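Taken in order, these protein sequences are the chains called A and B. Using our numbering, you'd call the opening residue of the first sequence number 957 and step up by one each time. Using our numbering, you'd call the opening residue of the second sequence number 10 and step up by one each time.
Note that these hints are calculated values from the structure, not bench results. Just so it is clear, the structure is predicted and the values come from calculations on it, not from any experiment. Just so it is clear, CB atoms sit at the ideal spot from N, CA and C, and this is done for glycine as well. Just so you know, not all the hints are guaranteed correct.
Mimicking DSS-like on lysine-lysine, the simulated pairs with C-alpha atoms at most 30 Å apart in a straight line are [unchecked claim]:
hint, chain 1, residue 1, chain 2, residue 2
1, A, Lys994, B, Lys64
2, A, Lys1118, B, Lys12
3, B, Lys129, B, Lys64
4, B, Lys12, A, Lys994
5, B, Lys64, B, Lys12
6, B, Lys125, B, Lys64
7, B, Lys20, B, Lys64
8, B, Lys20, B, Lys125
Residues on chain B that point at chain A, a partial pick, calculated with CB under 8 Å [stated by the list, open to error]:
hint, residue
9, Ser23
10, Glu25
11, Gly28
12, Gly48
13, Gly55
14, Val58
15, Val66
16, Lys67
17, Glu75
18, Gly86
19, Ala88
20, Ala122
21, Leu124
22, Glu140
23, Leu143
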Amino acid sequence: MYEFEFTRPASVAEAVAALNAEEAQALGGGQTLIPTLKQRLAMPTTLVSLSGVAEMQGIGLQDDGQLVIGGATTHAEVASGAVGTYPALAALAGQIGDPAVRNRGTLGGSLANNDPAACYPAAALGSGATIVTNTREIPADEYFQGMFTTALEEGEIVVSVKFPVPEAANYQKFVQPASRFAMVGVFAARFADGVRVAVTGASEEGVFRWTDAEAALASSFTPDAISALSVDPDGMIGDIHGTKAYRAHLVNVMTRRAVAAAV
Amino acid sequence: MTKVTMTVNGKAASGEVEGRTLLVSFLRETLGMTGTHVGCDTSQCGACVVHVDGKAVKSCAMLALEAEGAEVATIEGQAAADGTLNTIQAAFQEHHGLQCGFCTPGMVMSAAALLKDNPKPSEAEIRHYLEGNLCRCTGYHNIVKAIMAASGQDVSAIAAE
């Protein structure tokens, strides 16, 4: 790692101020950023840890029924803390990485990084969540802007995320066995007013909504409703782990599994 | 350099570290506690697993300064002061849960974290929990057996090879 200053503010306001420094970088749980720093793929002058910000911790149910989770809440905390309120989200969090990684990695860190194969982007987009930053509220549909790209401005922090809780939902992850990331992961959610299907791991554009499937599932929320549908392999990720056509095929398979499990 | 203070295996520990100093480097190089190993240094192998405030973490993927004020537990604190192995360590010995031993500190610390949350895990739960701890010698069977035995369960049905 290149040398950097380390600071651990206690409030969002202090963190925002610290991130004003030139080449400052926010640190969530560090499960992606620290390996990246070790490879010298990033060289911040200041690392601003968000782990000491109490107001970014925890899980709570709002009066309007939305589940609010602090940006610095770890995957392990969501896996155990959201079981009663949003089981599909808890199950997703419990499948990220391995137990030790889940004890450090955070919701905000995952969403800010927006790895094209990460699990949380599928949950946020599939739930129609709202990403709450220190300056504004961003709907998930506007937040994800392609691989490793989000609507976040320089120095903007994911303070919390508001998840509408669906009537039924499920996440199906086809694990890439070496990395534990999703080869393809599908989050399907049925709400009173419609269905959302978000796909991670598959597209060169990062997480996306499979709108054809959403429309078909809105009239019949069954695996058979999408049997005849397919996504275009063009634009899918093709690499040594799987071809474009293979990932496109998996999108349909994992969506049907998610719907079957959510019913 | 910044001063960092934490509790390691119940004793106060402090030292001067850089912002980029990893927790594992602080343990091994500043405190001289080399029981915690660095295997891959890419946060995949789990040889560096320690507990921070009771939770298993990969100490090669956490900065020392992030552990300011924390309670850290390492492999050195597992046996009793007179060297008597704890239940998990004794079970690893009894059931041949190690060969070269390099991954063992992380295996024991992960096993301890698992049994704290889940005192009677099934074989499948143990295998799943250990997905972030790699062993290139044993093929895992005897590690799983040792953890089953440490949790007071029958191990006769687990594959022995």
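Comparing the hints with the structure gives:
1. A:Lys994 - B:Lys64: holds (23 Å)
2. A:Lys1118 - B:Lys12: violated (38 Å)
3. B:Lys129 - B:Lys64: holds (18 Å)
4. B:Lys12 - A:Lys994: holds (22 Å)
5. B:Lys64 - B:Lys12: Holds. Lys64 (chain B) to Lys12 (chain B) sits at ~23 Å (cutoff 30 Å).
6. B:Lys125 - B:Lys64: holds (10 Å)
7. B:Lys20 - B:Lys64: Answer holds: Lys20 (chain B) to Lys64 (chain B) is near 18 Å, not above 30 Å.
8. B:Lys20 - B:Lys125: holds (21 Å)
9. Ser23: Hint on Ser23 (chain B): violated, closest Cβ of chain A at ~16 Å, above 8 Å.
10. Glu25: Nearest chain A Cβ about 13 Å off; hint violated.
11. Gly28: This hint holds: Gly28 (chain B) lies near chain A, its Cβ roughly 3 Å from the closest one there, short of 8 Å.
12. Gly48: violated (13 Å)
13. Gly55: Since the shortest Cβ distance to chain A is 6 Å, the answer is holds.
14. Val58: holds (6 Å)
15. Val66: OK, holds: Val66 (chain B) within 8 Å of chain A, min 5 Å.
16. Lys67: For Lys67 (chain B), the interface hint holds, since the closest Cβ of chain A sits about 5 Å away, which is under 8 Å.
17. Glu75: holds (6 Å)
18. Gly86: violated (18 Å)
19. Ala88: violated (22 Å)
20. Ala122: holds (7 Å)
21. Leu124: Result: violated, 12 Å to nearest chain A Cβ.
22. Glu140: Hint on Glu140 (chain B): holds, closest Cβ of chain A at ~5 Å, below 8 Å.
23. Leu143: With a minimum Cβ separation of about 10 Å from chain A (threshold 8 Å), the hint on Leu143 (chain B) is violated.
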